[in-house]
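Construct the entire structure; sequences and hints are all you get.
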Amino acid sequence: AQTVTQSQPEMSVQEAETVTLSCTYDTSESDYYLFWYKQPPSRQMILVIRQEAYKQQNATENRFSVNFQKAAKSFSLKISDSQLGDAAMYFCAYRSAHSGKIIFGKGTRLHILP
Amino acid sequence: NAGVTQTPKFQVLKTGQSMTLQCAQDMNHEYMSWYRQDPGMGLRLIHYSVGAGITDQGEVPNGYNVSRSTTEDFPLRLLSAAPSQTSVYFCASSYSEGSGNTIYFGEGSWLTVV
Numbered sequence: 001a002q003t004v005t006q007s008q009p010e011m012s013v014q015e016a017e018t019v020t021l022s023c024t025y026d027t028s029e030s031d032y033y034l035f036w037y038k039q040p041p042s043r044q045m046i047l048v049i050r051q052e053a054y055k056q057q058n059a060t061e062n063r064f065s066v067n068f069q070k071a072a073k074s075f076s077l078k079i080s081d082s083q084l085g086d087a088a089m090y091f092c093a094y095r096s097a098h099s100g101k102i103i104f105g106k107g108t109r110l111h112i113l114p
Numbered sequence: 001n002a003g004v005t006q007t008p009k010f011q012v013l014k015t016g017q018s019m020t021l022q023c024a025q026d027m028n029h030e031y032m033s034w035y036r037q038d039p040g041m042g043l044r045l046i047h048y049s050v051g052a053g054i055t056d057q058g059e060v061p062n063g064y065n066v067s068r069s070t071t072e073d074f075p076l077r078l079l080s081a082a083p084s085q086t087s088v089y090f091c092a093s094s095y096s097e098g099s100g101n102t103i104y105f106g107e108g109s110w111l112t113v114v
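Chains C and X, in that order, give the protein sequences. Under the numbering used here, the first residue of the first sequence carries the number 1, and numbering increases by one thereafter. Under the numbering used here, the first residue of the second sequence carries the number 1, and numbering increases by one thereafter.
Take the hints with a grain of salt, since some may be wrong.
As the list claims (entries may be wrong) - Label pairs and their computed distance ranges (CB to CB): (1) X:N28 / C:Y54: 24 to 32 Å; (2) X:I54 / C:Q2: 16 to 24 Å; (3) C:S74 / X:W110: 30 to 38 Å; (4) C:Q57 / X:G40: 29 to 37 Å; (5) X:A52 / C:H111: 38 to 46 Å; (6) X:Q22 / C:I46: 21 to 29 Å; (7) C:Q56 / X:T15: 50 to 58 Å; (8) X:N101 / C:Q57: 16 to 24 Å; (9) C:T18 / X:L79: 42 to 50 Å; (10) X:S84 / C:A72: 34 to 42 Å; (11) X:N101 / C:M11: 26 to 34 Å.
Said to hold, decoys possible - Covered stretches of chain C, as calculated for chain X (at least 3 residues, CB under 8 Å): (12) 41-53; (13) 102-112.
None of these hints come from the bench; they were simulated from the model. For every residue, glycine included, the Cβ atom is placed at its ideal position computed from N, Cα and C.
So this is what it looks like as C-alpha cells:
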C-alpha cells in the first residue's frame, strides 16, 4: 500500500522569505502523480501544484516550485517570497495511475510571520 | 456548473443512528471519493469509485458504506453512528483519464456523533 509522510507538523517563516515543506512517499508503482494542496481556515481545498512522475523536470507555478526526487521518493514544496495569504495547512497527495486512488499526508501547518 | 456539492453541511447524530452524506458532481467525472479529516491525521480515504457500479475501500472503510449507481452521485452511509465517526467529511471528484487532472473537493460536512 502507498503511504505519504509529511514530517513537519508545523513551520513558520518570515514574510518575504523562502520556506520548504517536506514530503516523502512510499510506493512500488512506477507511474503516479503528486500534488500539493493548500487548506486555509475556510477548509476549502486549493490545488497548489502537481507533478507527473514520468516527468524529470520539476513543476513550477509562480512562487511555488517542487523538488521531485523520484529515486528518493521525495516531493518537497518551496514557497518563495512568502506572503501572509500563504498561511494555511498544506497537504501532499499521491495518486496512483493504476487504481486512481488518491491518498494524503497528515499535513503541515504553515505560519507566516509579519 | 455547481462543481462538487455535499449535503448536509452540518449534522448532529445520536450514537446508533444511521444517516447518508450526499455527494453530487456535474462535471462527468469518473473518479469520486470520500475522506475524513481529523486533527493531526490529515485526510484519510474512506471509499472511492472509478466509475458507476465500481467502488473500493480506502484506508478507513469500517462503519461506512457506499454505492455508485450513477456517474453523478456517490453517497456515503453511516450504518450505526459512533462517537469515533465525529469528523469533517470531504467528497472529491476528478477525471480518471490522465490521472494528473485536478481533484475537485466539496465544501465539507461537519458531523458530530453524541
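Okay, the hints, checked on the actual structure:
no.	hint	in the structure
1	X:N28 / C:Y54: 24 to 32 Å	26 Å, holds
2	X:I54 / C:Q2: 16 to 24 Å	19 Å, holds
3	C:S74 / X:W110: 30 to 38 Å	34 Å, holds
4	C:Q57 / X:G40: 29 to 37 Å	34 Å, holds
5	X:A52 / C:H111: 38 to 46 Å	43 Å, holds
6	X:Q22 / C:I46: 21 to 29 Å	23 Å, holds
7	C:Q56 / X:T15: 50 to 58 Å	52 Å, holds
8	X:N101 / C:Q57: 16 to 24 Å	19 Å, holds
9	C:T18 / X:L79: 42 to 50 Å	48 Å, holds
10	X:S84 / C:A72: 34 to 42 Å	36 Å, holds
11	X:N101 / C:M11: 26 to 34 Å	29 Å, holds
12	41-53	holds (count 6)
13	102-112	holds (count 6)
Against the hints set out earlier in the document, no violation occurs for any number.
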